[in-house]
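Chains as they are written, first to last, in this note's numbering: chain A, 1 to 164; chain B, 165 to 880.
Taking lysine to any residue and the SDA-like style, the derived pairs with C-alpha atoms no more than 25 Å apart in a straight line are:
1) A:Lys40 x A:Ser57
2) A:Lys146 x B:Arg835
3) B:Lys622 x B:Asp571
4) A:Lys40 x B:Ala710
If you are wondering where the hints come from, they were derived from the structure by calculation, not from laboratory data.
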Amino acid sequence: MSAVAEAEATQYLTFKLEDEMFALDISKVREVLEFSSVTKVPRTPEFMRGVINLRGSVVPVVDLRLKFGMTRTEKTVNTCVIIVEVSFENESMVLGALADSVQEVIELEPEKIEPAPNIGMQLRTDFIKGMGKRDEEFIIILDIDKIFTADELAFAQEASQSAS
Amino acid sequence: MIGEDDGLAAGREAFKEEAAELLAELETSLLELEENPTDEDLIGRVFRAMHTVKGSGAMFGFDDIAEFTHEVETAFDMVRMGKLAVSKELTNLTLRARDQIRTMIEASEGKTTVDHNVSKEIIDSLQVLTRGSSVSAAGQEPETETRKPSDSGDITHAVTYRIRFKPFADLFITGTNPILLINELRQMGNCMVVAQTDAIPHLEEFNPESCATYWDIILTTTHSSNAIKDVFIFVDDMCDIHVEVIDEEGEYDEDEGYMKLGQILAARGDVKIDELKKLLGKQKKVGEILVDAGIVDSGHIKSALAEQQHVKEVREQRQKSTDSAASIRVPSDRLDKLVDLVGELVTVQARLSQTAAIDAQAVLTSIAEEVERLTWELRDSMMSIRMLPIGTTFSKFKRLVRDLSIDLGKEIQMTTDGAETELDKTVIEKLNDPLVHIIRNSIDHGIEKPDVREAAGKPRMGTVHLSAGHAGANVLIKIEDDGAGLDKDRILKKAIDNGLIAPDAELSEKEIFGMIFAPGFSTAQTITNVSGRGVGMDVVKKNIDALRGLVEVKSKKGTGTTITLRLPLTLAIIDGLLVKIADEVFVIPLAVVEECVELTKKDIERTHGRHVSNVRGNLIPYIRLREHFLIDAEEPEMEQIVITEVEDKKVGFVVDYVIGEHQTVIKTLGRVFKDISGVSGATILGDGTVALIVDIPNLVRSVERHEPVAADTVGV
Numbered sequence: 001m002s003a004v005a006e007a008e009a010t011q012y013l014t015f016k017l018e019d020e021m022f023a024l025d026i027s028k029v030r031e032v033l034e035f036s037s038v039t040k041v042p043r044t045p046e047f048m049r050g051v052i053n054l055r056g057s058v059v060p061v062v063d064l065r066l067k068f069g070m071t072r073t074e075k076t077v078n079t080c081v082i083i084v085e086v087s088f089e090n091e092s093m094v095l096g097a098l099a100d101s102v103q104e105v106i107e108l109e110p111e112k113i114e115p116a117p118n119i120g121m122q123l124r125t126d127f128i129k130g131m132g133k134r135d136e137e138f139i140i141i142l143d144i145d146k147i148f149t150a151d152e153l154a155f156a157q158e159a160s161q162s163a164s
Numbered sequence: 165m166i167g168e169d170d171g172l173a174a175g176r177e178a179f180k181e182e183a184a185e186l187l188a189e190l191e192t193s194l195l196e197l198e199e200n201p202t203d204e205d206l207i208g209r210v211f212r213a214m215h216t217v218k219g220s221g222a223m224f225g226f227d228d229i230a231e232f233t234h235e236v237e238t239a240f241d242m243v244r245m246g247k248l249a250v251s252k253e254l255t256n257l258t259l260r261a262r263d264q265i266r267t268m269i270e271a272s273e274g275k276t277t278v279d280h281n282v283s284k285e286i287i288d289s290l291q292v293l294t295r296g297s298s299v300s301a302a303g304q305e306p307e308t309e310t311r312k313p314s315d316s317g318d319i320t321h322a323v324t325y326r327i328r329f330k331p332f333a334d335l336f337i338t339g340t341n342p343i344l345l346i347n348e349l350r351q352m353g354n355c356m357v358v359a360q361t362d363a364i365p366h367l368e369e370f371n372p373e374s375c376a377t378y379w380d381i382i383l384t385t386t387h388s389s390n391a392i393k394d395v396f397i398f399v400d401d402m403c404d405i406h407v408e409v410i411d412e413e414g415e416y417d418e419d420e421g422y423m424k425l426g427q428i429l430a431a432r433g434d435v436k437i438d439e440l441k442k443l444l445g446k447q448k449k450v451g452e453i454l455v456d457a458g459i460v461d462s463g464h465i466k467s468a469l470a471e472q473q474h475v476k477e478v479r480e481q482r483q484k485s486t487d488s489a490a491s492i493r494v495p496s497d498r499l500d501k502l503v504d505l506v507g508e509l510v511t512v513q514a515r516l517s518q519t520a521a522i523d524a525q526a527v528l529t530s531i532a533e534e535v536e537r538l539t540w541e542l543r544d545s546m547m548s549i550r551m552l553p554i555g556t557t558f559s560k561f562k563r564l565v566r567d568l569s570i571d572l573g574k575e576i577q578m579t580t581d582g583a584e585t586e587l588d589k590t591v592i593e594k595l596n597d598p599l600v601h602i603i604r605n606s607i608d609h610g611i612e613k614p615d616v617r618e619a620a621g622k623p624r625m626g627t628v629h630l631s632a633g634h635a636g637a638n639v640l641i642k643i644e645d646d647g648a649g650l651d652k653d654r655i656l657k658k659a660i661d662n663g664l665i666a667p668d669a670e671l672s673e674k675e676i677f678g679m680i681f682a683p684g685f686s687t688a689q690t691i692t693n694v695s696g697r698g699v700g701m702d703v704v705k706k707n708i709d710a711l712r713g714l715v716e717v718k719s720k721k722g723t724g725t726t727i728t729l730r731l732p733l734t735l736a737i738i739d740g741l742l743v744k745i746a747d748e749v750f751v752i753p754l755a756v757v758e759e760c761v762e763l764t765k766k767d768i769e770r771t772h773g774r775h776v777s778n779v780r781g782n783l784i785p786y787i788r789l790r791e792h793f794l795i796d797a798e799e800p801e802m803e804q805i806v807i808t809e810v811e812d813k814k815v816g817f818v819v820d821y822v823i824g825e826h827q828t829v830i831k832t833l834g835r836v837f838k839d840i841s842g843v844s845g846a847t848i849l850g851d852g853t854v855a856l857i858v859d860i861p862n863l864v865r866s867v868e869r870h871e872p873v874a875a876d877t878v879g880v
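Model the full structure from these sequences, guided by the hints.
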């Protein structure tokens, strides 16, 4: 992780999954939508919640809670879809991520971010860019590109194999 | 503001695009010329294509291309003048030259490198051809002279001048010959000269040493007025010379004709407007009236008429050239963007109609209906913009057939039909590869060598017939050959050897022919560089599937094969049938839907739970979409079966409820879902939610594959 990249990205969007605080680099976030309905695409993994209509284009939506081994996101008044731009197979792609509630945009100095410890996280550390600290609370900063690598999204074959 | 470099770069891009088109046209024309070597129209087309490539090539700095093309153009200039006959050799060379030009253009993008030896060889051979017959090239024709100004790139555009050259009476004393001056003008462009002879006295008073004549000259040229005045520079003090611009390209209002005769005369000061108006009451032609009244003499009238006609001709010529360019070039991504927007509009309009129907307010309803009408019109014209005639693709294959048949030592002609049939641009682009493979197959495997054909009582020359035509919402493209036809037994044997089917499998003729589309399948005994490696026909199947089209093979041993491609007119919007399963809505393309029937629990009991239903005595298997899509919900008491027909097979799909028709704007699901079977895309419904489009043929195939009986025999 280079120091230069760290110094540039100082604004983060924070959101909650269950009671835990997570954050995404604001430059990756396009917009935040209210979560209304999603159309499930058959024979896809559980964490792929389906597709939504984003002003005329069809955008896949991912349940981060399921992805991180938590329980399925249930719809509440606070549930949001964070529309992010990720790079997938070297091309940028628009994706929606479900969050229980979106908090705020914060600024974090690079020196306030520490690498995630390798043990005790109960979460794949390669998804994590670092741990931020704010008002005695830990914020898990996610590396959104890593979450949606080609391997992670190449579920289709598994799905069809398990179905047959 | 665009920088000069940007402008040039854009120009170069435009040139490449233009050149690609011109080269395609060149190829077509050359191939036609080969058949009709004396067709002047075709010769003209070849020449013009060459000439434009040369001209615009030079303009955008492709000097090598311009230089090379010039040599080829020279040869065709001679053909045009009848000094060189069109021979097979010439068309061969020119076709090679065309390929070389294309290579040169590609090389400028760094894709390939140019073998200059090839260029030189082509030019040398061309020169041998032209020199052999250019003995009579001495007499230069004036026509070629008039074309020179634009060739040498003198300046911009053509301007028409009115020149009155009125020498003083003592002109001849200096030894000046006015005819030479006028001839000089004639060389500058399209020129019309009227001599004014009214001042010439009667013979007894005539002095041959004094000049009593003057001239009105109408000249259309790309030279400037200074250049015209330069012609008269040595007689400047011995004549009156007026040069006026009367018509200029670009300044001209297309709707209006040129000035009336009276206006011309008035503009020249030959007649006063009020005198003219006085006389206009009489019903004779203006010219006659004026002569009768003695206001102007017939010479002036003749000159003015000449001017009128000249300008008219020049403008007609220009009109013609603008007519042929009455289309504009638009980058296709802008069109795609427009299609997307229209798609969104269709979606919003559906919402509006839905809202209006709920509210049931008369005003809102009528607005909604108006918007609906406009939206459909917009959609239709949008679609028609994307439609292109398939002819351009057809003509590409002429070359393929020609070259392949020479390579393989066969005599084959290609005939086409329905080249004007229009198809969506994307469909045409994606059709190219499948057609290449099919035609290659016809030529390589289908059509026999001339001797074999003769022995079989067929004409030596084989025929590949390519035709296109509409059939409802589909376009049918047929590729017919009169070759040997498919050998059923050999295909069957090969399929068994390759383990594609079980040795004891009983297959219909259609299923056997379908085998040729299996990957890795080839019955050619020897592998040529054309085909036989078994890649190809599976590509055909794959591409046509991707276009939501169907392939059909008919063949009779000994008489030939017909392959029919059935394609949808457009890819962007289809008619769909909305169906509901639990809370999910799906779209089934209406094109494959035959009918809908009910399915009750009792029906299911009657067939002992087997997935077949009895529709008016016909046994139709069905697939429960609910099971295939793993939807967890209680099925209703009464379900419905949507019966579809794909590749002559009827298969039912069980859904909870059929909602109705829906104009479906197809959206791709993106790369994340690219491997999902059974779903070909998505669409946005009136309420803004997303519905998935069921990929019927794919679904049928994947279900067939997973049936235990077929699982062992189909080894994919």
